[in-house]
Amino acid sequence: MKRKTKLIVGMNRPSPKGYLIGLVFLAIGILFYIKSFFDSSINWIPIAVFIIPGIWFILKTFISNIKSKGGM
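Residues in the sequence shown are numbered from 2 upward in steps of one, following my numbering.
By construction, these hints were calculated from the structure, which means they are not laboratory data.
We treat Cβ as the ideally placed atom computed from N, Cα and C, and that holds for glycine.
Check each hint, because a few of them may be wrong.
Okay, derived cross-link-like pairs now, BS3-like style, lysine-lysine, Cα gap no bigger than 30 Å in a straight line [as the list claims (entries may be wrong)]:
| no. | residue 1 | residue 2 |
| --- | --- | --- |
| 1 | Lys36 | Lys70 |
| 2 | Lys36 | Lys18 |
| 3 | Lys70 | Lys18 |
| 4 | Lys18 | Lys68 |
| 5 | Lys18 | Lys61 |
Beta-carbon label-pair distances, calculated as ranges [to be verified]:
| no. | residue 1 | residue 2 | range |
| --- | --- | --- | --- |
| 6 | Trp45 | Val25 | 15 to 21 Å |
| 7 | Lys70 | Asn44 | 37 to 43 Å |
| 8 | Ser41 | Tyr20 | 39 to 45 Å |
| 9 | Lys68 | Trp45 | 32 to 38 Å |
| 10 | Ala49 | Lys18 | 19 to 25 Å |
| 11 | Ser37 | Asn66 | 40 to 46 Å |
| 12 | Phe63 | Leu32 | 20 to 26 Å |
| 13 | Ser41 | Pro17 | 36 to 42 Å |
| 14 | Leu32 | Asn66 | 34 to 40 Å |
| 15 | Lys68 | Val25 | 37 to 43 Å |
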């Protein structure tokens with residue numbers, strides 16, 4: 002009988018921790034953006050500090066997941 006090695010290989014792919022970190026950064030950035038509406042002046046520094054790394058973490062995790070699956 003053949004052993005199912007594909008199942009084991011599939012479990013070694015990176016954990017979705019990068020998605021979680023990215024979503025947390027995005028959520029904080031969106032909260033700052035909503036808060037800036039009430040202050041009637043948009044402060045771009047906290048928005049850029051949180052939203053850009055959030056998108057970067059999500060994209061980095063997505064690309065590493067694609068690479069781990071064998072370039073599908």
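Violations among the numbered hints, reported as their numbers in ascending order: The structure breaks hints 1, 8, 11, 14 and 15; every other hint is satisfied.
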